[in-house]
Amino acid sequence: MIETGVMIRPVRVFLIGSMLAIGFGVAMLLLHQSDFMLALIIFAISLAALIGAGKLSSP
Amino acid sequence: MSAILYIAAYVFPAAIAWALLAFVFRPLQTIPFLLPLLALAYALWYGLRETLGIQRQLLGLIWQVPSGWIKGRPAMIQTLIWGTTLGPGFVTKNPYAGMWLLPLLVALNHNLLTTIIVAMAVGSVHAGARAIGVLRNRRCIEMDVSAHLRIMSAVSRWQYIDGLALLLAAGALGAYALSLLGAHF
Chain Z
235 MIETGVMIRP VRVFLIGSML AIGFGVAMLL LHQSDFMLAL IIFAISLAAL IGAGKLSSP
Chain G
340 MSAILYIAAY VFPAAIAWAL LAFVFRPLQT IPFLLPLLAL AYALWYGLRE TLGIQRQLLG
400 LIWQVPSGWI KGRPAMIQTL IWGTTLGPGF VTKNPYAGMW LLPLLVALNH NLLTTIIVAM
460 AVGSVHAGAR AIGVLRNRRC IEMDVSAHLR IMSAVSRWQY IDGLALLLAA GALGAYALSL
520 LGAHF
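Going down the list, the protein sequences come from chains Z and G.
Residues in the first sequence are numbered from 235 upward in steps of one, following our numbering.
Residues in the second sequence are numbered from 340 upward in steps of one, following our numbering.
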């Protein structure tokens, strides 16, 4: 049911705005504390894991 | 073949390939604002497209490992070929736009050693996750013949999550780009 809910257009638009705002806000805090690059590295590694795990299996 | 060896066959070539990529991006790091703005534009564009479900085109090569490379070879050699070609993630099909944001994020580090280490970490993690995914999918298909249909339908769900991650990155990169332009928070 949750999965169906997040697919409808208004929810998608809400999530788009939320993700942009959260990313911007968190980055502002991290830049203020000079931890932005470290957080970016952690994010890149996490994204790599997500993408690698999400790809279809090869034969 | 043990799972550890299978995963290693993916991880080691990927770490080397991504380390080499760090050198490819080195010249671009000298151009002010180029990489942050490129990464921001990419993340925003494809984040929107994937989250709205309008990204249909695969962002990658449609090249596949020729069967002649695999047929008749010992299992270990076949695994090494799969690992070398699929582990780094640069060739063959790629359903997720986030894949091509990764090199841009890695290259945002200006220190060469840091860039190489981060690149190797990103490549290794991608390859390891890919290998584990392959092993898991094989086990699912062995237990349930129709599992491949569920695996295929999961791609759109992963794309959606990838899109949200790209938007998160876009927001962060927007703040970073503003800070480079002199905005103070």
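Calculated from the structure, these hints are not laboratory results.
C-beta atoms are modelled at their ideal positions from N, C-alpha and C, and glycine is treated no differently.
Treat the hints with care, since some could be wrong.
Unchecked claim - Okay, the calculated bits of chain Z under chain G, using three or more residues with CB under 8 Å as the criterion:
1) 247-260
2) 265-272
3) 276-288
What the hints assert, rightly or not - Counterexamples of contact, computed for chain G against chain Z with all Cβ distances above 10 Å:
4) ALA358
5) LEU373
6) ARG412
7) MET438
8) VAL457
9) ARG469
10) LEU520
As the list claims (entries may be wrong) - Under 8 Å between C-beta atoms, here's a sample of chain G residues computed to sit facing chain Z:
11) ILE343
12) LEU344
13) ILE393
14) PRO413
15) ASN448
16) LEU507
The hints, checked one at a time:
Remark: the region 247-260 of chain Z is confirmed as covered by chain G, as 10 of its residues place a Cβ nearer than 8 Å to a Cβ of that chain, reaching the required three. Counting residues of the region 265-272 of chain Z whose CB falls under 8 Å from any CB of chain G gives 4; the rule of at least 3 is met. Interface restraint, the region 276-288 of chain Z with chain G: holds (11 residues with C-beta to C-beta distance below 8 Å; minimum three). Every CB of chain Z lies more than 10 Å from the CB of G/ALA358, the least distance being 14 Å, so the non-interface label holds.
In this structure G/LEU373 is separated from chain Z by more than 10 Å, as the shortest Cβ-Cβ distance comes to about 16 Å. Distance check on G/ARG412: its Cβ is at least 14 Å (rounded) from any Cβ of chain Z, clearing the 10 Å threshold; non-interface status holds. Some Cβ of chain Z comes within 10 Å of the Cβ of G/MET438; the nearest lies about 5 Å off, and the non-interface call is violated. For G/VAL457, the shortest C-beta to C-beta distance to chain Z comes to about 5 Å, within the 10 Å cut-off, and the non-interface label is violated.
Consistency note on G/ARG469: stated as away from chain Z, yet its beta-carbon is not over 10 Å from all of that chain's, at 4 Å minimum. Non-interface call for G/LEU520 relative to chain Z: holds, since the shortest CB-CB distance, roughly 12 Å, exceeds 10 Å. A least Cβ separation of about 17 Å between G/ILE343 and chain Z goes past the 8 Å threshold, and the interface hint is therefore violated. For the restraint placing G/LEU344 at the interface with chain Z, the shortest Cβ-Cβ distance is roughly 16 Å, beyond the 8 Å limit, so the hint is violated.
Hint on G/ILE393 is violated. Least Cβ distance to chain Z is approximately 11 Å, over the 8 Å limit. Using the Cβ-Cβ criterion of 8 Å, the hint placing G/PRO413 at the interface with chain Z is not satisfied: the shortest such distance is roughly 16 Å. Residue-level restraint check for G/ASN448 holds (minimum Cβ-Cβ distance to chain Z is 6 Å; threshold 8 Å). Using the Cβ-Cβ criterion of 8 Å, the hint placing G/LEU507 at the interface with chain Z is satisfied: the shortest such distance is roughly 4 Å.
Of the numbered hints given earlier, the model fails hints 7, 8, 9, 11, 12, 13 and 14; all others are met.
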